[in-house]
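Protein chains: 2
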Amino acid sequence: MFESAELGQSIDKETYEAQVPALREALLVAQNELKAQRRFPVLILINGIEGAGKGETIKLLSEWMDPRMLVVRTFDWPTAEILHHPPAWRYWRELPPKGQIGLFLGNWYSQMLHQRVMGHIDDFELDRQLEDALALEQMLCDEGTLILKFWFHLSKKQMRRRLKTLKNDPLHSWKISPLDWQQSKIYDRFVCFGERVVQRSSRNFAPWYVVDGSDPRYRGLTVARTLLDSLQAALDSHASRVVQPHAAPLIARPDNRRLLDSLDLSLKVDRADYHQQLEEEQGRMSRLMRHKNMRHHALVAGFEGNDAAGKGGAIRRVAEALDPRQYRIVPISAPTDEERAQPYLWRFWRHVPPSGRFTIFDRTWYGRVLVERVEKLIEPDDWLRAYSEINDFEENLVRFGIVLVKFWLAIDKDTQYERFKARENTPYKRFKITDEDWRNRDKWDQYVDAVGDMVDRTSTSFAPWTLVEANDKHFARIKVLRTINDALEKALD
Amino acid sequence: MFESAELGQSIDKETYEAQVPALREALLVAQNELKAQRRFPVLILINGIEGAGKGETIKLLSEWMDPRMLVVRTFDWPTAEILHHPPAWRYWRELPPKGQIGLFLGNWYSQMLHQRVMGHIDDFELDRQLEDALALEQMLCDEGTLILKFWFHLSKKQMRRRLKTLKNDPLHSWKISPLDWQQSKIYDRFVCFGERVVQRSSRNFAPWYVVDGSDPRYRGLTVARTLLDSLQAALDSHASRVVQPHAAPLIARPDNRRLLDSLDLSLKVDRADYHQQLEEEQGRMSRLMRHKNMRHHALVAGFEGNDAAGKGGAIRRVAEALDPRQYRIVPISAPTDEERAQPYLWRFWRHVPPSGRFTIFDRTWYGRVLVERVEKLIEPDDWLRAYSEINDFEENLVRFGIVLVKFWLAIDKDTQYERFKARENTPYKRFKITDEDWRNRDKWDQYVDAVGDMVDRTSTSFAPWTLVEANDKHFARIKVLRTINDALEKALD
Chain U
1 MFESAELGQS IDKETYEAQV PALREALLVA QNELKAQRRF PVLILINGIE GAGKGETIKL
61 LSEWMDPRML VVRTFDWPTA EILHHPPAWR YWRELPPKGQ IGLFLGNWYS QMLHQRVMGH
121 IDDFELDRQL EDALALEQML CDEGTLILKF WFHLSKKQMR RRLKTLKNDP LHSWKISPLD
181 WQQSKIYDRF VCFGERVVQR SSRNFAPWYV VDGSDPRYRG LTVARTLLDS LQAALDSHAS
241 RVVQPHAAPL IARPDNRRLL DSLDLSLKVD RADYHQQLEE EQGRMSRLMR HKNMRHHALV
301 AGFEGNDAAG KGGAIRRVAE ALDPRQYRIV PISAPTDEER AQPYLWRFWR HVPPSGRFTI
361 FDRTWYGRVL VERVEKLIEP DDWLRAYSEI NDFEENLVRF GIVLVKFWLA IDKDTQYERF
421 KARENTPYKR FKITDEDWRN RDKWDQYVDA VGDMVDRTST SFAPWTLVEA NDKHFARIKV
481 LRTINDALEK ALD
Chain A
1001 MFESAELGQS IDKETYEAQV PALREALLVA QNELKAQRRF PVLILINGIE GAGKGETIKL
1061 LSEWMDPRML VVRTFDWPTA EILHHPPAWR YWRELPPKGQ IGLFLGNWYS QMLHQRVMGH
1121 IDDFELDRQL EDALALEQML CDEGTLILKF WFHLSKKQMR RRLKTLKNDP LHSWKISPLD
1181 WQQSKIYDRF VCFGERVVQR SSRNFAPWYV VDGSDPRYRG LTVARTLLDS LQAALDSHAS
1241 RVVQPHAAPL IARPDNRRLL DSLDLSLKVD RADYHQQLEE EQGRMSRLMR HKNMRHHALV
1301 AGFEGNDAAG KGGAIRRVAE ALDPRQYRIV PISAPTDEER AQPYLWRFWR HVPPSGRFTI
1361 FDRTWYGRVL VERVEKLIEP DDWLRAYSEI NDFEENLVRF GIVLVKFWLA IDKDTQYERF
1421 KARENTPYKR FKITDEDWRN RDKWDQYVDA VGDMVDRTST SFAPWTLVEA NDKHFARIKV
1481 LRTINDALEK ALD
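Residue numbers (my numbering), protein chains in the order written: chain U, 1 to 493; chain A, 1001 to 1493.
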């Protein structure tokens, strides 16, 4: 895999100096076109052998290009804040917005390679992390990001020669010190696992470029030219997107029985039981949230449901049980322009709670496969891929120890009508009902289908949906509280 | 000052229960009106004696109101990230945006009181911190924020009684444990310094409300009603703002001599000297940024100047000297909508570097008194108060150890014309020149006045302006690098 990169590629000074001025100009023009289009971001991942010129090349690029639109991020020792969030969180918050170039050093590949070389993880775990990385990259590409991955290579002999001259370079070494690199074993392991990483994670949407790092002029020109070519191609391509062949729901639905129709909406609790059970479950939640094991966990609760199904009331009963400092309620409405400049899930990642805390989402990332699907705000391709992106996202949270509960609050059409009318007739509830609510109601059946698909595709073992029969508000609130408590209890034990 | 609050105010259960429903409704309506108007945020500060019901009242408010629009923040033990930024940074990043209510527990008053009670600071320092707090609040009010400050009081006897029943309350105590409070001395000192704080920081724009905390019903109703009254008044007031009587520049300017005219724009360095000096200063900067004392400092460089004065080129020469991981370049253009929902300086606070790092602002917070003034985007009142707000902001940075350098790159009108024309004729520079640049040029004299005012009012001992003669780009770049280096060297020694 690294054979050509050990041939000792080089470029003489004259050729180099003849080519650089035009290349720099073209890069600047492309960068400004990127900014002007504001259509997609560029993400460059830099990895490879110590001493092969990673740092120097980054420095060269920031000299050649406009450094104001080229953002370099290193991910070295994590702060406490980072350690209290799922591993992917630190990358999400540094993603370049549309129109910008982000350069990630010490990225996910560096982390997994370092762990594998040092023997902290095995091949199985390395492959799992590779799969995660590819899912992330695939999602970013689907959202429009242009990804370039550069692997800087050196033969063992070349590396040793370089390290001697590099000892005092502040740009050297990421976690593995030059001293460590001088051991044959480290180099061999790094190349062996590096090859595995490069081979398994080279995909059409984000291939690796292996660069011979022995000659500074050669590697500089190679990287810059590769970047320029990709950038120009992406800027010129206004081709409409590839059409997804599976643009219809993938699961054949039985004719008459739909998931939501199968709910028994007549379920209720009577008033006296309600108050007793409410107090019980709220007390239980309050105790669970103060459990000493909570410091290894966090809680995310997502609320979806028909308009007027009682999401607000249920959320309020949850909040009542808690110290207002433990939770954050995040109401999801139209994205801000900073959010629009990022991949879809970015606006939810930014609210993922640290260990010990609780985030309540009032409407969630499922908007993608509900309102955005039904209102045709996005292409079928986009909401179809959203199912697996969402599953990946949730698996990321759960694997880190976050307890995730998701509720669909279901009422029938008549109950909704009554509640809409009641809202219109109650002065302090009037703000809760808008023309849009009435319009949504006309699409009732489309929503029933969308909810059915959503549950079929995203109710997983690690993040199951809870359908809540909500014609009786009291029943719904108790079921919500009890579900959260059961999930918490299971995790904390 | 706390006399009336020791009278033992109380409200009987019947009266309370008769009043609560209407109050809750009115609060909900007001909260939704606040959200709909999205015209200003509300900031509630909660302070006072341990056991006087601060936590309980917050919990009550979040039950009565819509918790999705009421964000509670506590500022207790700072994380490493917080300690690496100026003290005000942690408050800025949690400010509620327009349309929201933010409730700050453990706010700036708690911090200063705790320090004073424990004897970590003296009266002089307490007064200084009070002044800072008032400057911040004044600025927030001028930006439209409605501020309410509640002081919860208890007599010593009442406090002791309450503490006995409170021992297991998770909402209790901020830094001072209930055990400490039981010492007479702590109470006395807290009341003594608390009185000083309340007295000195009660201003018409943000008065304190002292609340007798002995009866839960009384204090709950009192706080809720005060909040409601203020909120309703603010929502109803569409009165045009009070007109500033000093709407003209405050400094009488001498007739002929203007600050920018006094520069000797013929200054230059020749090419050979330039390359030698550039290398010297870049090397010096690289060494200084790696100095071990840099971990106690950070660097902020702000660049302003005429269009085409060479800001970009100067910034690039600074960046070249450094490891791309040490600095961030923040280009300032139109604010995002998240930024527009916050006070003006918020978008700069979010980029203040932590210790050891360097932020370069390509255009700065001075846009307020330059382009926004000249283009009449804001009222004279706004840019007039901006001078002192900016001075406060910069003093905050410098006091924390941040080295702050500010450059105005000045060229004459002929030089600008030549550079504009050159840009139009160079393919890869064409994006740098727009119609707006030509329009700005027509306002040359207004900018000269605005720059003169700006330097007169904001060139301070702790953050002086450096005017850079930039007709010769080489001269300008060397002066910029040398100025930064001199400032760094002075701070690091």
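These are calculated hints, taken from the structure and not from any lab test.
This structure is a prediction, so every number in the text was calculated from the model and none was measured.
There may be inaccurate statements among the hints.
[Claimed, not checked] The following residues of chain A were derived to be distant from chain U, with all beta-carbon distances above 12 Å:
hint	residue
1	His1084
2	Arg1225
3	Asn1293
4	Asp1456
[Unchecked claim] Some chain U residues close to chain A (C-beta under 10 Å, calculated; not the full set):
hint	residue
5	Asp66
6	Thr74
7	Lys157
8	Glu320
9	Arg430
[Said to hold, decoys possible] A few chain U residues that don't get close to chain A, going by computed Cβ distances all over 12 Å:
hint	residue
10	Glu14
11	Glu33
12	Glu63
13	Met69
14	Pro97
15	Phe124
16	Glu280
17	Ile315
18	Arg328
19	Glu372
20	Phe431
21	Glu489
We treat Cβ as the ideally placed atom computed from N, Cα and C, and that holds for glycine.
Hint check:
no.: 1; hint: His1084; result: violated, 10 Å
no.: 2; hint: Arg1225; result: holds, 16 Å
no.: 3; hint: Asn1293; result: holds, 16 Å
no.: 4; hint: Asp1456; result: holds, 30 Å
no.: 5; hint: Asp66; result: holds, 7 Å
no.: 6; hint: Thr74; result: holds, 5 Å
no.: 7; hint: Lys157; result: violated, 28 Å
no.: 8; hint: Glu320; result: holds, 6 Å
no.: 9; hint: Arg430; result: holds, 9 Å
no.: 10; hint: Glu14; result: holds, 21 Å
no.: 11; hint: Glu33; result: violated, 8 Å
no.: 12; hint: Glu63; result: violated, 6 Å
no.: 13; hint: Met69; result: violated, 8 Å
no.: 14; hint: Pro97; result: violated, 10 Å
no.: 15; hint: Phe124; result: holds, 33 Å
no.: 16; hint: Glu280; result: holds, 18 Å
no.: 17; hint: Ile315; result: violated, 7 Å
no.: 18; hint: Arg328; result: violated, 7 Å
no.: 19; hint: Glu372; result: holds, 20 Å
no.: 20; hint: Phe431; result: violated, 4 Å
no.: 21; hint: Glu489; result: holds, 19 Å
Comparing the model with each earlier hint shows violations of hints 1, 7, 11, 12, 13, 14, 17, 18, 20; every other hint is respected.
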